[in-house]
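Chemist: These are the residues of each chain, in order.
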Amino acid sequence: MIRQFNYTKRRRIPPSRVRIDVNKRGNEAPRFDAKLDLGGLKLPEAANVFVEAYYKASYQRFDFGTVGKLSPPEKRVLDEVERGSAIFFRVKVVDRADVEGRLLAELDDITGSEGGDEGISRYCILPVNFTDLGEQVWRLDFTGSRPVLEVANFVGAEAFVRTDPLFFSLVYPEAVRQVLRHYVVDQSIDFEPNPETPDGMWALFVQSFLPEPLPADGGDEDVEAREEWVESAVDAFCRKLQVKTKLLQARAQER
Amino acid sequence: MAHVRKLTDNGTALFNEYLVRLDQGAKEAPPLDLLTAPEASLPIEGEASVETGKFATRLEAAQYLHEALASVPASELDHNPGLWNWLALFYFDQLCPASPSGTRNPRKSYRYVLPPITSADHFRHYYRHLLAGPYRVLRLHPDGARSLLSNAVDEAGDFNEQIASRLQLVTNHAFVGAIDALYFDAAKDEPKRGALNRKKPGTLRRLIDLHGQLDLTYDLYSLSTAQLLKLLPREFNKWRPAV
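Listed in order, the protein sequences are those of chains A and B. The numbering used here applies: residue 1 is where the first sequence begins, and numbers increase by one. The numbering used here applies: residue 1 is where the second sequence begins, and numbers increase by one.
Keep in mind the hints are simulated off the structure, nothing from the lab.
Simulated pairs of lysine to aspartate or glutamate, DMTMM-like, Cα-Cα distance not exceeding 20 Å:
id, chain 1, residue 1, chain 2, residue 2
1, A, K9, B, D215
2, B, K108, A, D132
3, B, K230, A, E100
4, B, K230, A, D98
5, A, K9, A, E100
6, A, K24, A, E74
Pairwise CB distance ranges, derived in the manner of DEER restraints:
id, chain 1, residue 1, chain 2, residue 2, range
7, A, Y123, B, E39, 48 to 56 Å
8, A, S208, B, Q227, 41 to 49 Å
9, B, D189, A, G65, 37 to 45 Å
10, A, A152, B, G25, 27 to 35 Å
Residues from chain B shown here face chain A by an in silico Cβ test under 10 Å; the list is partial:
id, residue
11, P116
12, I117
13, F123
14, R124
15, S165
16, Q168
17, T171
18, A174
19, L216
20, Y218
21, Y221
22, S224
23, L228
Yeah, the Cβ is synthetic: ideal placement off N, Cα and C, and Gly gets one too.
With these hints in hand, go ahead and build the complete structure from the sequences.
Modeler: See below:
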């Protein structure tokens, strides 16, 4: 069971206060814009604000001035971050007065909207990263703060993932199965719905189509019960989205 | 003296094929003709020349390349595999020396050939390249990172492997400064014995673990090395520099 304590009273910046847009530019490194609204959060005016971009081992940091005087840097090119399509961001507010370097507030695990999207950046529970996978077509990566669906970066891969019912029907149910197994069987976490954590967001997602609660974790029998719960969740997911029906309809249209 | 160029995709593929043949036991000299062949390499922007000197350490190699490449624009240097692959081929006899019998023992190919920037491996292996890695580390930490640069030029070393594979660590001045302060013996100009031990308290791997914990409370980039050292628990006392 994994629990997280917040001894330092670090605060979470409400997601509605942060909007990040990522502009892809062909083969060039992408550029980003961040709109931050930190007013009214009772943060010291002099506290420093940083935006960090990361994916796996790659990382880049940008100084955005202070809470009282936000000043985005002119160069906001993500040339040190892996060139897949998944880039995560975090916004940090850092103390300069009381305890130098202490984190006062943070919002982590933000995915940017791509240029042209409107509205607040939505939290994506399963970001897709197009990358070189050799002869594999897809796989899940669990090394980061949330699961990432890695897909081979062949020509047309983005359209295939976004719109092709074949990909959806064959990949997503299995991806859901693997993610749920990762959380509730391999990691044995409580899986409580919580909009502030990746597993909590997944729990909220499952709650939207499966009313059965997750069996408690205590022994071998409980593991079996959790595995069955995962299968029920995958089944409910497929029923809700009519996965097979939509696949068959798409195939009928092709003929 | 040779004018620095950059390997083309074709030149890089031929260099890679050579590495594969070496790995299979071939006793071949490096394909130095690729360095000037127009179908295998291209001129770079800016002027730079290099000589086939002998570097005692990664630091010496990095310092030399900084001077030699001073007038090359950043766009040619940063994340440009072609230039670094050309340099690795140029210095191949140092990076992968031949034994008296003529055989060579090449390491993983990314030590010599940077993956293209479109590959996920590019950023993962950038600091593992035997020339691009030390060059970048020295640029980030012109007065430090001795622990990461003290090895022979053909050995990246465990300090480099543990730190440079994580961009969040290798780009952090306070953290790299703390590594030098704790684990580098300036008098002997080499890392302290036992610093890489996997079991002893206060060693490098524990410091990396602790980074993950402190990172939840502090913005470690905002700290100086002295401030970071103050946050370390007693298990690190043995390694602290004498005041």
